[in-house]
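Make a model of the complete structure from these sequences and hints.
Listed here are the chains, written in short residue letters.
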Amino acid sequence: MSNTPQLSKEQYLALYRQMLEIRRTEEQLAKSHQAGLIPGACHTYVGEEAIATGICAHLTHRDAVFSTHRGHGHALAKGVPPREVIAELFGRATGCSRGRGGSMHLFAPEVGMMGTSGIVGPCILQATGAGYTSKLLNNGTVGVAFFGDGASNNGAFHEGLNLAAIWDLPVIFVCENNMYATEVAFSYATRNTEVADRAKTYGMNAIAVDGNDVLAVYQAAEEAVNRARAGNGPTLIEGKTYRTRAHSEGMRDAGYRTPEEVEAWKKRDPIDNYRAKLLAQGAASENDFAAIDAETKALIDEALEFAKNSPYPDPATVTEYIYSQ
Amino acid sequence: MAIEIVMPRLGWTMEEGTLVEWIKKDGDTVQPGEIMFVIESDKALNEVESFEAGIFRIPPNSDVLGKTLPVGTVLAYVAQPGEALPFEQAPSAVLAAPAQTSAAASSPVPVQQIPVIQTSAAQSSNGSSLPNISPRARRVAHELGIEWAVLKGSGRTGRIVERDVRAAAVSAPQTAAAQVSPVAKRAAEELGVDIHQLAAQMPGQRITREHVERAALPTAPAATTQPTAAETRTPMPRVRQVIAERMSASAQTTAPVTLTTEVDATELVKVRQGLKAAGKADRRPVPSYNDLLAKLVAEVLRDHPQLNARIEGDEIVTSGSVNVGFAVDVERGLLVPVVRDVAAKSIRQIAAEGAALVDRARSNTLRSDDLSGGTFTITNLGMYDIDAFTPIINLPQCAILGMGRIVPKQVVVDAEAERLAIRHMMFLSLTFDHRLVDGAPAARFLKQVKQFIEQPYLWLVN
Amino acid sequence: MREITYTVAAREALTEEMARQPSIFVVGEGIGVRGGNFNTTLGLYDQYGPMRLRDTPIVERGFVGMCAGAAMTGSRPVVDFMFFDFILDSMGELINQIAKMQYMSSGRLKMPIVLRGCIGIGGASATHHSGNYYPMFVHLPGIRVVVPSNPYDAKGLFKTALRGDDPVLFLEHKSLLNNKGHVPEEEYFIPFGQAAIVREGTQATVVAIGSMVRKTIEACDALAGEGASIEIIDPRTLAPLDIDTILQSVHKTGRLLIVDETFAPCGVGAEIAAQVMARGFDDLDAPVQRLNGTHTPTPYSPPLEAAVVPNTNQIIQSIRDLLAE
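Those protein sequence lines, which keep their order, are chains A, B and C. In this text, residue positions in the first sequence follow our numbering: the first is 45, and each later residue adds one. In this text, residue positions in the second sequence follow our numbering: the first is 9, and each later residue adds one. In this text, residue positions in the third sequence follow our numbering: the first is 629, and each later residue adds one.
It is worth saying that the hints were derived from the structure and are not from the lab. All C-beta atoms, glycine included, are put in the ideal place defined by N, C-alpha and C. Among the hints, erroneous ones may be present.
[Said to hold, decoys possible] Here are the computed lysine to aspartate or glutamate pairs in the EDC-like style, where the Cα-Cα straight-line distance is at most 20 Å:
1) K32/B <-> E60/B
2) K33/B <-> D50/B
3) K738/C <-> E154/A
4) K75/A <-> D297/A
5) K738/C <-> E227/A
6) K880/C <-> E151/B
7) K32/B <-> E12/B
[What the hints assert, rightly or not] Stretch-level coverage of chain C by chain A, calculated; a stretch enters the list once three of its residues show a Cβ under 8 Å from a Cβ in chain A:
8) 660-670
9) 935-948
In structure tokens:
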């Protein structure tokens with residue numbers, strides 16, 4: 045992936061805007077969690093924005109994304125408005141899951157967000173299933189699974205990738221390799237830390253990219269999506285990245301990694317570096333960025349107010365939707 | 009069913025008491041008259057006797073000792089052998105013993121896996137085995153009015169089941185199930201009644217002494233009517249029970265004699281009409297005939313104090329004041345609130361107090377003091393067109409004066425002149441306790457009452 | 629009316645619905661070319677080909693998870709386990725994903741998936757192929773559990789399962805597959821939650837489940853000679869459970885026995901007993917009784933296997949004991 049894709053200014057800035065929206069939302073959620081506004085868990089995506097952004101840039105609302113516990117970025121990149129993500133984590137009825145899910149069960153099928161999940165692994169299988177539907181109904185959609193390095197050792201990875209490969213399903217498996225599964229280093233959990241290598245086992249295509257380079261991700265995604273839509277089967281994309289905050293808000297972030305390592309990765313911040321790159325290449329101006337910064341700030345501020353003022357769900361509805369009836 | 013022994017009302021003023029000592033213990037036999045326990049009320053200790061014979065039972069978790077509890081609280085039971093007690097109805101097992109299969113070793117039924125809560129034969133403290141009854145059978149028994157406690161159960165564990173109840177409801181020779189109380193058995197022996205024949209005529213019922221006595225009468229066949237499904241049963245309200253006890257005690261204790269006399273109440277009527285007319289602009293209650301009689305009686309009792317007395321032990325206690333009880337009929341029974349010291353009060357005062365008492369009686373807000381301390385009672389059935397009757401003495405009082413209706417009649421006002429007139433006539437019925445007072449003094453009292461009614465101005469100067 | 633086997637009746641339902649709904653596809657081991665180990669899909673592969681009759685590798689978690697994703701994205705999978713024991717490898721996908729998806733998404737995602745296979749003891753299949761675990765599934769909100777005992781019910785209930793949008797476990801006792809029964813030619817549906825009164829009676833109610841229905845009928849035929857009048861109820865579906873029919877029957881007879889091959893602890897009989905005790909207490913003339921399979925893994929040797937399953941004689945004795953209570 046050495047060629048930088050040639051995009052329009054709007055497209056470049058759209059990528060920036062999307063990453064920033066994720067970043068500001070996650071920062072606000074981290075603050076809100078500390079303020080006691082989020083009753084449950086909150087796994088933030090800070091530092092990994094390039095992957096969600098780059099992949100989802102090629103997806104439509106009809107494509108299905110299946111995500112994990114660290115899925116706010118995927119939900120936002122897929123088109124769920126920040127106010128609905130924040131309201132959901134606040135447990136309000138206006139959240140995207142109507143208050144029933146919280147962080148790890150974000151649903152917005154209307155925009156193809158088919159759920160974040162508290163269990164590691166099922167999203168891989170479900171994305172495979174989305175691929176099956178696509179092929180059965182011949183509707184040109186793709187299924188996308190986002191998961192971490194921790195999932196790559198899970199049986200679901202093996203079974204899902206194998207099925208997608210033998211049946212040539214239109215699926216993109218995106219491994220966000222941030223080197224740690226909670227506090228377990230990937231280097232401990234596996235002998236071969238190159239996730240992309242595994243695709244060979246299944247006879248599947250793979251692309252390994254710098255997960256903090258949104259344009260590299262964008263390019264990899266383009267290849268994978270085109271392949272899938274053309275009926276030529278699945279792709280495994282491994283994006284090497286890093287989360288600069290703790291595994292989960294409120295958890296200790298010490299002992300399993302060094303502050304130096306964290307600092308080093310902060311210097312590789314996907315948003316800052318992207319902005320600098322575009323400025324350097326003259327693809328956009330400070331004013332462009334300033335405007336987006338301001339608009340994003342306003343967007344998140346409004347989303348926070350919306351969430352704070354939203355009502356809680358009515359307990360009388362608690363037994364609804366168990367069955368379709 | 010076992011008889012409930014409750015916190016007794018040991019006086020009209022008593023609302024609650026404290027059981028301070030058990031005299032009978034759980035499982036003791038008890039005879040009528042024996043002391044069961046000691047109750048403290050109004051700073052007085054009372055030894056409470058049993059009216060029943062049987063086995064004294066205290067519930068296993070009983071916590072009544074030393075507690076102040078309302079009158080009517082269940083404290084204990086007197087049961088007959090074989091009778092069920094409410095606290096010993098053990099719940100039937102839910103995860104029941106799986107079927108005892110006939111297949112020898114190869115039972116698929118996991119008997120050993122499930123802790124089996126067997127239906128009891130409940131452990132009762134005196135070791136007797138008490139019958140169980142299924143919920144369905146209990147319901148059907150209630151619907152059909154069957155006394156199930158005396159039935160024999162055909163369930164595998166001896167449980168009474170629906171078929172047993174239905175069989176008892178049909179007058180079939182399942183009368184082996186009829187239960188005879190020990191008292192009834194003794195009575196049958198004494199009176200020469202064939203208890204088995206009697207039982208055969210009363211399938212599924214409990215035969216009591218009364219049944220036996222009735223059967224002993226020459227003309228009576230087993231006159232006891234078979235209870236049909238059309239009967240209704242309601243528990244006896246507390247007030248009724250107390251009235252029953254009091255009436256019974258009075259009938260059994262006193263030597264009541266009733267004297268009647270017809271009185272010309274025309275003058276009294278005039279007094280009342282006058283007061284009524286004068287009182288039209290007044291909001292105070294118009295004195296009723298009861299109020300007037302109360303005052304009048306209090307005046308007469310000055311001259312006849314022996315009718316304002318009572319027996320206590322071997323003493324006669326004559327009261328210094330006349331406290332008149334007014335018999336008031338309210339829905340739940342007869343109440344007799346008291347106006348004290350009538351002699352010292354004006355008729356207006358008596359009328360006001362009387363009206364207030366009647367109100368309180370009707371609204372069930374009588375205070376304990378309202379019902380106590382009476383020395384003489386007045387009762388009026390005139391509004392029901394009753395002329396003369398035999399009122400029952402309100403123990404421990406000596407006498408009670410009944411008033412009948414006031415009705416205009418043609419009477420002889422001057423026998424010599426053979427002059428007739430229409431006069432308002434009323435019967436007085438005085439029941440007195442002949443233990444305390446003889447007929448002549450009682451008659452003299454009544455005659456003076458008559459006099460005062462016929463010549464009301466006599467009160468003014470008394 | 630014609631008589632056909634249980635297997636054929638169920639296959640007719642599948643055939644009719646696959647013709648009607650192109651989004652139905654079947655997934656499982658050997659269900660494609662071979663037509664299914666139990667002939668569940670005989671002849672369908674020739675008609676529809678591999679996309680709709682999909683042979684799988686031995687990856688139960690994989691294809692159950694995959695089918696969950698497929699059901700979420702617009703197709704209607706039928707997972708054919710052959711032996712339903714094999715679902716145990718995919719319990720996470722069943723319980724955490726399939727059962728909960730409608731609720732978590734507030735009804736915006738449907739889960740029109742049918743999971744079918746053979747249950748129960750017989751043919752010396754031994755413990756890994758004799759599983760009968762429906763009490764566990766009945767316990768969960770979000771799943772329907774169907775246990776037809778005869779060909780007529782099998783077809784009518786399978787049709788309903790394939791038309792609905794809820795996850796359904798369609799459980800076929802292996803000892804029933806070759807039983808014949810009357811099945812109309814015309815299309816018909818049997819709704820869930822509707823018990824069948826197999827026989828009317830007055831002295832006791834026996835609720836018999838699945839493979840126990842036929843044995844209970846035999847037992848009651850024998851007892852009829854002694855003058856016993858026994859009412860037999862086949863619930864047909866365990867979730868939803870038609871408790872009202874059972875209660876009405878107990879109101880009439882006063883005595884209840886539940887006969888079930890599965891284990892007693894926390895079983896369906898325990899649930900029925902608890903509900904009847906709660907709502908029909910005053911109708912009970914005797915304690916509720918249960919006759920269950922022995923609480924043990926299923927042994928292989930035929931005399932041992934027979935010893936752990938309730939047989940007709942045991943049912944007879946249980947009813948006799950119940951009447952004597």
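Are there hints from earlier that the structure breaks, and if so, what are their numbers?
The structure breaks hints 2, 5, 8 and 9; every other hint is satisfied.
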